[in-house]
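Visitor: Next come the chains, spelled out residue by residue.
There are 2 protein chains.
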Amino acid sequence: MSEVAATGISVLLVDDHPIVRQGYRRVLESQGDLHVVAEADNAADAYGAFKAHDPDVVLLDISMPGASGLEAIRNIRARSPRARILVFTMHNEAVLVKAAFGAGASGFVTKSSEPSAVVGAIRAVARGERAMSDDIAHILAEDSLSAGSALDQLGEREIEILRQFAGGATTEQIAAHLNLSVKTVQNYHYLIKTKTGARTDAQLVRLAATCGLTRI
Amino acid sequence: MSEVAATGISVLLVDDHPIVRQGYRRVLESQGDLHVVAEADNAADAYGAFKAHDPDVVLLDISMPGASGLEAIRNIRARSPRARILVFTMHNEAVLVKAAFGAGASGFVTKSSEPSAVVGAIRAVARGERAMSDDIAHILAEDSLSAGSALDQLGEREIEILRQFAGGATTEQIAAHLNLSVKTVQNYHYLIKTKTGARTDAQLVRLAATCGLTRI
DNA sequence: TTGCAGCTCGGGCAAATTTCCCAAGCCGGA
DNA sequence: TCCGGCTTGGGAAATTTGCCCGAGCTGCAA
Chain A
1 MSEVAATGIS VLLVDDHPIV RQGYRRVLES QGDLHVVAEA DNAADAYGAF KAHDPDVVLL
61 DISMPGASGL EAIRNIRARS PRARILVFTM HNEAVLVKAA FGAGASGFVT KSSEPSAVVG
121 AIRAVARGER AMSDDIAHIL AEDSLSAGSA LDQLGEREIE ILRQFAGGAT TEQIAAHLNL
181 SVKTVQNYHY LIKTKTGART DAQLVRLAAT CGLTRI
Chain B
1 MSEVAATGIS VLLVDDHPIV RQGYRRVLES QGDLHVVAEA DNAADAYGAF KAHDPDVVLL
61 DISMPGASGL EAIRNIRARS PRARILVFTM HNEAVLVKAA FGAGASGFVT KSSEPSAVVG
121 AIRAVARGER AMSDDIAHIL AEDSLSAGSA LDQLGEREIE ILRQFAGGAT TEQIAAHLNL
181 SVKTVQNYHY LIKTKTGART DAQLVRLAAT CGLTRI
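Residue numbers (full-length UniProt numbering), protein chains in the order written: chain A, 1 to 216; chain B, 1 to 216.
If you're looking for bench data, these hints aren't it; they were derived computationally from the structure.
Among the hints, erroneous ones may be present.
As the list claims (entries may be wrong) - Quick look at which bits of chain B chain A covers, simulated, 3 or more residues with Cβ under 8 Å:
1) 12-18
2) 49-62
3) 126-134
4) 193-201
To be verified - Calculated pairs, EDC-like style, for lysine to aspartate or glutamate (alpha carbon to alpha carbon, straight line, at most 20 Å):
5) A:Lys-195 - A:Glu-156
6) B:Lys-193 - A:Glu-29
7) A:Lys-183 - B:Asp-201
8) B:Lys-98 - B:Glu-158
9) A:Lys-193 - B:Glu-172
10) B:Lys-193 - A:Asp-201
11) A:Lys-51 - A:Glu-71
12) B:Lys-183 - B:Asp-152
13) A:Lys-111 - B:Asp-16
14) A:Lys-193 - B:Asp-201
15) B:Lys-183 - B:Glu-172
16) A:Lys-183 - A:Asp-201
17) A:Lys-195 - A:Glu-158
18) B:Lys-183 - A:Asp-201
19) A:Lys-51 - A:Glu-39
20) B:Lys-98 - B:Asp-135
21) A:Lys-193 - A:Glu-172
22) A:Lys-193 - A:Asp-134
23) B:Lys-183 - B:Glu-156
24) A:Lys-111 - A:Asp-135
25) A:Lys-111 - B:Glu-39
26) A:Lys-195 - A:Glu-160
27) A:Lys-111 - A:Glu-29
28) A:Lys-193 - A:Glu-158
Claimed, not checked - Sample of chain B residues facing chain A (criterion: CB under 7 Å; computed from the structure):
29) Gln-22
30) Tyr-24
31) Arg-26
32) Lys-111
33) Ser-112
34) Glu-114
35) Val-118
36) Gly-120
37) Leu-140
38) Ala-141
Because the structure is a prediction, the values reported are computed rather than measured.
Glycine residues also receive a C-beta, built at the ideal position from the N, C-alpha and C atoms.
Work out the full structure, taking the sequences as your base and the hints as a guide.
Guide: Here you go:
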C-alpha cells in the first residue's frame, strides 16, 4: 500500500479542470516529497482512483459538477476509513466546512491560501493531523461563537421545510402544503438558518443542494 | 514594446488564487515559447501590471472578487486597444461569453479545456486571432439557435450581482465588493427577481445554478 | 409516577428587508 | 438631438426577519 510514505507523500488529485490539475501537479511535485500518483475529474472516478493507488492524501475540490464532493468524501471514507482527504476549494462558507469535516475530511484549505500553506496542509494530513487554512479557522471560530451545527441537527419537520424551500416553494405554499400557519413556516425558516449557520437564503439552498436534499 | 514576440510570447496572469497562478505559470513556461512576465490577483492591479510589462497576452480569470473582470477588460482595452485579452474561467454561460467579447476580449477558454487547448488559444490571440474553446463554441452556437435563457434579459451588473448572491454573499458583502450602496444592491435584487420571474430567493439560486452562473 | 427534554406549533413586536415608484446621469443608436 | 436602456440611489408602505415567548405533545428515564 502506502510504501511510498517512507520516500514521500503520494497524492490523488481530484478537480474537474484539467489545466488546474496539471498546475497543481507541477506545484506539488516541485516540492520533492510530494508525488501525484493519480488524477480524477469527478466524484465518481475519485473512489476508483483511490482504490487503485491508495494515496496518502486525496486533494479534493468539492465544487464539482455532477455528484457532490461531499458524497465523494463519504464514499471514500466509508470504504477506507484510513483515507486522508484534504478539501481544497474556493468556497469558504462555514456550513460547507463543517459539512466537509462531518463527512470525514481531514483538512480544508481555500484556494486563496499561499501555495506553501497548501503544501503544509498536505504534509499535516499525511501525518494524520487535522489541517485548515487560516481563513477557514477564522470563519469556523466566528461561526462557533454564534451558531450551532450542520444539517443533521435538523428535525424531521425542519428537513421537510428546508427541502420545499430549497426547491423553490414560497412560504405560503409550504404552509398550505403542510397545513401550517405562515408564521410557523417563517419560524422554522429562521430556526433552520440559525441551526445550520447559514446567513442567507442562498447559502441555505446551497447547503440543501450539497447535502443532496434537493436537486438543481 | 512587445519585442519579446520574436523570441516568444509574454503573458500577464490575472487570477485571485495564488496557487492557481503558480500552477498556470509552470504549465505555460514548460511550453518554451510562453513567458509569464507578471501576475495580478485582482482587477485593479491588472492594469498597472499591464502598463508596466506590456505583455503580448493577458490571461484573465473573470470570476474574481471585487471589481468585475469585465471591467478589467474594458479598463485595459480602453487604454491599450492593442491589448490581447484571453478570458480563462470555469464559467461557461453564453451571456458571460458574449459580455466578455463585447467588453473587448480576444478569446474565451474554460478551465475544463485541455492544457494544450489553452496554450493553443494563447498563441492564437497573440497572433491577433480570435480564440475560444470547443465547449464555448458549442454553447454560443446553441445559444444563437435558442430563444435565449432567462438570464439574457439581465444586464452585466445584474449578472454579477446575481452570481455573488447565488454564491451565498449577503447584500452588505456584495455592496462592499462592488462599491455600491446597500440600497442599490437591494434594488438590483428586486429587479433581477422581476426580470427572471423568480418569486423567491431560492428560485433565483436555482436559476443561477441551472444557467451555469454558479456552481453548487 | 413525576419530571425532564425535545419536537411541533404559533403569537408578539421591533428591526430589517422587500416591493414598488421615481429621478438623474451616462452612453449608444436612430 | 432625442429616445431608450443601464446604472445608481432615494422614499415609503408592506412584508418578512430576528428573536423572544408559551403550550401541547411525545418519549424516556429516574
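Visitor: State for each hint whether it applies.
Guide: Hint check:
1. 12-18: It holds, with 3 qualifying residues against the three required.
2. 49-62: violated (count 0)
3. 126-134: Not satisfied, violated; 0 residues make the cut.
4. 193-201: holds (count 3)
5. A:Lys-195 - A:Glu-156: 13 Å, holds
6. B:Lys-193 - A:Glu-29: Violated, at about 47 Å.
7. A:Lys-183 - B:Asp-201: 18 Å, holds
8. B:Lys-98 - B:Glu-158: Distance of about 15 Å is within 20 Å: holds.
9. A:Lys-193 - B:Glu-172: Since the Cα atoms of Lys-193 of chain A and Glu-172 of chain B sit roughly 18 Å apart, the hinted pair holds (cutoff 20 Å).
10. B:Lys-193 - A:Asp-201: 14 Å, holds
11. A:Lys-51 - A:Glu-71: 16 Å, holds
12. B:Lys-183 - B:Asp-152: The given pair, whose Cα atoms are some 24 Å apart, is violated under the 20 Å limit.
13. A:Lys-111 - B:Asp-16: 9 Å, holds
14. A:Lys-193 - B:Asp-201: Given that 20 Å is the threshold and the Cα spacing comes to 14 Å, the pair holds.
15. B:Lys-183 - B:Glu-172: Cα-Cα ~10 Å, so holds.
16. A:Lys-183 - A:Asp-201: It holds: about 17 Å lies between the C-alpha atoms, which stays within 20 Å.
17. A:Lys-195 - A:Glu-158: Holds, at about 10 Å.
18. B:Lys-183 - A:Asp-201: Within the cut-off at roughly 18 Å; holds.
19. A:Lys-51 - A:Glu-39: 12 Å, holds
20. B:Lys-98 - B:Asp-135: 14 Å, holds
21. A:Lys-193 - A:Glu-172: 18 Å, holds
22. A:Lys-193 - A:Asp-134: With a Cα-Cα distance of about 25 Å, the restraint between Lys-193 of chain A and Asp-134 of chain A is violated, given a limit of 20 Å.
23. B:Lys-183 - B:Glu-156: 18 Å, holds
24. A:Lys-111 - A:Asp-135: 11 Å, holds
25. A:Lys-111 - B:Glu-39: Answer holds: Lys-111 of chain A to Glu-39 of chain B is near 16 Å, not above 20 Å.
26. A:Lys-195 - A:Glu-160: Holds, because 15 Å separates the two Cα atoms, which is no more than 20 Å.
27. A:Lys-111 - A:Glu-29: Answer holds: Lys-111 of chain A to Glu-29 of chain A is near 18 Å, not above 20 Å.
28. A:Lys-193 - A:Glu-158: Between Lys-193 of chain A and Glu-158 of chain A the Cα gap is close to 10 Å, so the pair holds against 20 Å.
29. Gln-22: 5 Å, holds
30. Tyr-24: 5 Å, holds
31. Arg-26: This interface hint holds because 4 Å falls under the 7 Å limit.
32. Lys-111: 4 Å, holds
33. Ser-112: Nearest chain A Cβ about 6 Å off; hint holds.
34. Glu-114: Result: holds, 5 Å to nearest chain A Cβ.
35. Val-118: 5 Å, holds
36. Gly-120: Check failed: Cβ of Gly-120 of chain B comes no nearer than 12 Å to chain A, outside 7 Å.
37. Leu-140: 19 Å, violated
38. Ala-141: 21 Å, violated
Checked against the numbered hints above, the structure breaks hints 2, 3, 6, 12, 22, 36, 37, 38 and satisfies the rest.
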